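Asks: Sequence:
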Amino acid sequence: MIKLDTPDFDVNSLPNTLRIPIETQLLPVPEDLALSALVAPDPVPPGSHVKRINLLRYRADSREPLGAPLIREMRIYEGLRAHPHPNLCEYRGYIPNTNGRVAGLCFKEYTVPLYRAVWTKMLFDVDKAMSDWRSAVLHLHQHGWIHNDISSGNLMLYKDPEGLTSNSFTGIVVDLGECTKKGQTIEAETLWFSRGSKIAEEENDLYGLKQVEKFIQDGGRMEGFN
1 MIKLDTPDFD
11 VNSLPNTLRI
21 PIETQLLPVP
31 EDLALSALVA
41 PDPVPPGSHV
51 KRINLLRYRA
61 DSREPLGAPL
71 IREMRIYEGL
81 RAHPHPNLCE
91 YRGYIPNTNG
101 RVAGLCFKEY
111 TVPLYRAVWT
121 KMLFDVDKAM
131 SDWRSAVLHL
141 HQHGWIHNDI
151 SSGNLMLYKD
161 PEGLTSNSFT
171 GIVVDLGECT
181 KKGQTIEAET
191 LWFSRGSKIA
201 EEENDLYGLK
211 QVEKFIQDGG
221 RMEGFN
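Numbering (the numbering used here), first residue to last: 1 to 226.
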């Protein structure tokens, strides 16, 4: 075995070390949600996924703290609690840090994204899955929301491990991080699945669903995209 000498160094001595003031990046629960917001169980139950801030996106000159998108997404899920849908991801509440700020959002965990199912040639009822995803998208539209990021990574396939609901896969729409009210300006997009619009419109999601169907039919190939 070859032993490599590892130099001793102090990470704090690196010239480009960036100290991120975490407490300034996490935001408190908005006042209008303070009494009604759902708090996630503690400890987080098994089979959960926790969405936290992405420290890699930190910029000292950013216009808003990293926690701002988390609060915007939290507002959507809190609003949808009064209008649940079986094909939208299950929101389990926000996770407070020791100072009560929003440190993360807790969801039921879905482990099979569409792209993995297609690329591994997993068998599933395509018509049922498409119907499930479309139903969830239309539900969002009915309440004035546009998902804006319908793609093979944000559509999941889920099967009840105990078979209590169904033996077939259920289509679930996840990640409302880019979801906005109809008519708002949008920036983020997933190439190939996006129609390139900069305005939140129903057509964005419907185009994404068409591309998803084509993605499945073509075995995961994305024509013209390298």
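Hints were generated in silico from the structure; no laboratory data involved. Treat the hints with care, since some could be wrong.
Here are the simulated BS3-like cross-link-like pairs (lysine-lysine), alpha carbons at most 25 angstroms apart as the crow flies [stated by the list, open to error]: (1) Lys-159 with Lys-198; (2) Lys-128 with Lys-214; (3) Lys-182 with Lys-198; (4) Lys-51 with Lys-214; (5) Lys-121 with Lys-159; (6) Lys-198 with Lys-121; (7) Lys-159 with Lys-181; (8) Lys-210 with Lys-198; (9) Lys-181 with Lys-198.
Given the structure is predicted, the values throughout are model-derived calculations rather than measurements.
Asks: Confirm or reject each hint.
Replies: Hint by hint, here is what the structure shows:
no.	hint	in the structure
1	Lys-159 with Lys-198	violated, 35 angstroms
2	Lys-128 with Lys-214	holds, 15 angstroms
3	Lys-182 with Lys-198	holds, 11 angstroms
4	Lys-51 with Lys-214	violated, 29 angstroms
5	Lys-121 with Lys-159	holds, 16 angstroms
6	Lys-198 with Lys-121	violated, 34 angstroms
7	Lys-159 with Lys-181	violated, 31 angstroms
8	Lys-210 with Lys-198	holds, 19 angstroms
9	Lys-181 with Lys-198	holds, 13 angstroms
Figure legend: structure checked against the earlier numbered hints; hints not met, in rising order: 1, 4, 6, 7.
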